[in-house]
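Go ahead and model the full structure; you've got the sequences and the hints to work with.
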Amino acid sequence: MPILIKNGTVVNDDEMFLADVLIEGETIAEVAGKIEPTSPDTVVLDAHEMMVIPGGLDPHTHMQFPFMGTVSVDDFYTGTRAALAGGTTMIIDFVVPNKDDSPIEAYRQWREWADPK
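Residues in the sequence shown are numbered from 2 upward in steps of one, following my numbering.
In short, the hints are calculated from the structure, not lab data.
Heads up, the beta-carbon is just placed ideally off N, CA and C, and yes, glycines get one too.
Check the hints yourself; a few may be wrong.
Simulated restraints on C-beta separations [said to hold, decoys possible]:
no.: 1; residue 1: 93; residue 2: 3; range: 22 to 32 Å
no.: 2; residue 1: 97; residue 2: 117; range: 15 to 25 Å
no.: 3; residue 1: 39; residue 2: 68; range: 19 to 29 Å
no.: 4; residue 1: 13; residue 2: 67; range: 37 to 47 Å
no.: 5; residue 1: 3; residue 2: 101; range: 20 to 30 Å
no.: 6; residue 1: 42; residue 2: 67; range: 44 to 54 Å
In C-alpha cells:
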C-alpha cells in the first residue's frame, strides 16, 4: 500500500523545503508541493511541523563481533533493530578475519551471520 507523507519539511543534502512525499513499495515515487493519494488504500501521514529526513548510514558497526574470547552484545538481529529505531537504515559492519582466514572467508562468515536476520 502506498504511503503519503503530507505537509512535512523535507531535508536533503543542500536544502529544506515544505513538501509531500509519496512512497510506493520501497521507492520514494514523488516529492512535490501537493500530492494527492494514488489509491483508496494509501496511508496518509500528517507531518505538519515535522522534518522528513533520509535514513542514516552507519559505516562502522560491530555486530556479533568476536574479540579476545568475547562477542559484542549486539548480534545482527538486535543491532539492526536498534539502529532502525534510531533512524539508521543501513549499516556497514566491521569484518575481521581469524588468524588463519582470508578476508573473503571472514566476509562469508559475517554474511552467514547477517543474512537470516
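The hints, checked one at a time:
A hinted range of 22 to 32 Å holds for the C-beta pair residue 93 and residue 3, which are about 30 Å apart. Range check, residue 97 to residue 117: about 21 Å between beta-carbon atoms, so the 15 to 25 Å window is met. The beta-carbon spacing between residue 39 and residue 68, approximately 49 Å, falls outside the hinted interval of 19 to 29 Å. For residue 13 and residue 67, the hinted distance range of 37 to 47 Å is satisfied, since their beta carbons lie about 39 Å from each other.
A hinted range of 20 to 30 Å is violated for the C-beta pair residue 3 and residue 101, which are about 51 Å apart. Roughly 46 Å separates the CB atoms of residue 42 and residue 67, a value that falls within the hinted 44 to 54 Å.
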